[in-house]
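Number of protein chains: 2
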Amino acid sequence: MEPFEDEKILLAHGSGGKLGHDLVEKGFLPSFDNPLLAKLDDSAVFDAKGRLAFTTDSYVVTPIFFPGGDIGKLAVCGTVNDLSMSGATPLYLSVSFIIEEGFSLSDLSRIVTSIQQATDEAGAKVVTGDTKVVNRGSADGLFINTAGVGIIPDGVDISGSNARVGDKVILSGPIGEHGIAIMSEREGLKFASPVISDCAPLNKLVSEMLEVSSQIHCLRDPTRGGLATTLNEFANQSKVGILIHEDAIPVQDAVRAACEMLGFDPLYVANEGRLVAVVAPDDAERVAKRMSQNKYAAEATIIGEIMEEHPERVIMRTRLGASRIVDMLVGELLPRIC
Amino acid sequence: MEPFEDEKILLAHGSGGKLGHDLVEKGFLPSFDNPLLAKLDDSAVFDAKGRLAFTTDSYVVTPIFFPGGDIGKLAVCGTVNDLSMSGATPLYLSVSFIIEEGFSLSDLSRIVTSIQQATDEAGAKVVTGDTKVVNRGSADGLFINTAGVGIIPDGVDISGSNARVGDKVILSGPIGEHGIAIMSEREGLKFASPVISDCAPLNKLVSEMLEVSSQIHCLRDPTRGGLATTLNEFANQSKVGILIHEDAIPVQDAVRAACEMLGFDPLYVANEGRLVAVVAPDDAERVAKRMSQNKYAAEATIIGEIMEEHPERVIMRTRLGASRIVDMLVGELLPRIC
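Line by line, the protein sequences give chains Y and L.
Heads up: the first sequence begins at 30 in this note's numbering, then just goes up one per residue.
Heads up: the second sequence begins at 30 in this note's numbering, then just goes up one per residue.
In isolation and in its complexed conformation, chain Y is listed as follows (with noise of 0.2 Å):
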């Protein structure tokens, strides 16, 4: 998208009319050029056979810009994530924009070009949208909202209710630092090392992950409510137990750092580049090994194991021998995460 210097989104960009047309024409379609998405009729339409995972999310976190990425990157990558959750390979999105009036033109430029670029990486299409401007007091600056459709290939059933007692728990890499980086940038914290975002797209660790594997049981992103309530949904929908290692979780220094300053545990900390994998125990260390091939999973790791006791709890061995429950984030952490 061109800079459009100094100029500032109006009610009338909004208005469904000229300057609307205009802000398609000039703005989003050079960025998300398509066959598809040119045809600017009031839908997208594209031939499908086979099983498709369809889903959404707004975005709505502040600030817009972070270390390591702003709401237009995780706006994509969100929804390529939950697409690849289901084992899905993302295909189309669509992406539509809330904005405030007043907002900066040129930082919507930047936010379209990060949204073309994590489409690209994905190897994905946004293929429709909408674009409203409420009046100036009305939203915070701009908030995106992703749907996405992608197709699931033949034989792979992935759900949070396919966990089996004796499944392993493989998480992708250390957690929090999410969380951490918007908690900093929001509150002005400095750290002797910054702590980036972990935000990226999953799809082809997925691929990877089911090319090595038919048993993977479950996968999910463990974003609002971190790695704990991830579990915690994993133990309700599959009523089993899970048992994690506390010393196998890996957590960043400076995650945990700022987690004892702020009085966070890590384990409740949103992530947006992470999964965790439910899956059979043979299959485990290779998949494992495979994920740590993936620059966004250099640290898989496995972390736990399905039970039969204690249905739909989680449960955590601690560094001190120790076991503990690990419920579900009762309350909010930290809101417009994401």
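One or more of the hints may lead you astray.
A pair counts as met if it fits within one copy or between any two copies, since identical chains are not told apart.
Unchecked claim - Okay, derived cross-link-like pairs now, DSS-like style, lysine-lysine, Cα gap no bigger than 30 Å in a straight line:
hint : residue 1 : residue 2
1    : 154       : 68
2    : 154       : 219
3    : 318       : 55
4    : 68        : 268
5    : 324       : 219
6    : 78        : 68
7    : 197       : 47
8    : 318       : 78
9    : 68        : 197
10   : 268       : 154
11   : 197       : 78
12   : 78        : 154
13   : 78        : 233
14   : 37        : 318
To be clear, the hints were calculated from the coordinates, so they are not data collected in a lab.
Quick caveat, the model's predicted, so the values are computed rather than measured.
Chain Y is already provided as a structure; the job is to place chain L on it using the hints.
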């Protein structure tokens, strides 16, 4: 959805944790009950074969309750109609809420009920969703995004770029009612007979039209920017001229009076339950007649034709016999209309 009397939305309802899960399980699941949604995975999964349509819109209408509907009904009808305008049968919808902290849970409950009623009427299902909560003052009550997936029957090929010289332009009913209903509610205007929004799902109307003609070339719902903007889009996409006849365009007396008072031209006022069709000349009368049997198109009528002259222009023959160019909406008539 149960009423949750007197309760308010808290930031923690958007945390991804316990309160968010409770809202989904007690608030949304009972209303949108279906097996795809009930799995509660990151994506809804379904089988598909054929040509699919995919679309999205965000809704920021104010006030959120208005004569003839509310933001929930609007969010369903808008996306159902965008799918329908590609000739698609709507199948699956996503619903994503951005809610301001402190929003009334009983109002949310009313809106969820109206989402449910509108999806039921359209024969579609809400299969995936998201809830974000932003701090007080960071949004104006409630915004909703819906995305939708539909299937296009074999042989149907509808696009704004398909208009051919000689085709007739059919309008499904009187224009401007949604816009004037919103404006009246917002500004406290009273009319002898109150203006009710035309907001309605048009998928059944479109199916009926497709039953009687295989020569429906373009379909669009004239929402933001009104009839004038939709016709200009067709003229631009198809590189044709469009001639319309002022005296053929139905406008309710109360809408006309309101427009005169407010200085609006009904051609630019938003509709949410009307459609414009461009149909081969031999089929036009039959299509209009079939439309008039549907409760949402009782006043369907031919308002003009596609011509070779004046490509990319819309010309109106006025009541007085003069001709004038009808341009696309410039500026903003009424923000936050949908």
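For each hint, the structure was consulted:
| no. | hint | result |
| --- | --- | --- |
| 1 | 154 to 68 | both (14 Å within a copy, 27 Å between copies) |
| 2 | 154 to 219 | neither (37 Å within a copy, 47 Å between copies) |
| 3 | 318 to 55 | neither (45 Å within a copy, 41 Å between copies) |
| 4 | 68 to 268 | between (47 Å within a copy, 13 Å between copies) |
| 5 | 324 to 219 | within (26 Å within a copy, 63 Å between copies) |
| 6 | 78 to 68 | both (22 Å within a copy, 22 Å between copies) |
| 7 | 197 to 47 | between (56 Å within a copy, 25 Å between copies) |
| 8 | 318 to 78 | neither (33 Å within a copy, 36 Å between copies) |
| 9 | 68 to 197 | between (47 Å within a copy, 22 Å between copies) |
| 10 | 268 to 154 | between (37 Å within a copy, 27 Å between copies) |
| 11 | 197 to 78 | neither (33 Å within a copy, 35 Å between copies) |
| 12 | 78 to 154 | both (18 Å within a copy, 20 Å between copies) |
| 13 | 78 to 233 | both (21 Å within a copy, 25 Å between copies) |
| 14 | 37 to 318 | neither (49 Å within a copy, 47 Å between copies) |
When the structure is compared with the earlier hints, violations turn up for hints 2, 3, 8, 11, 14 and for no others.
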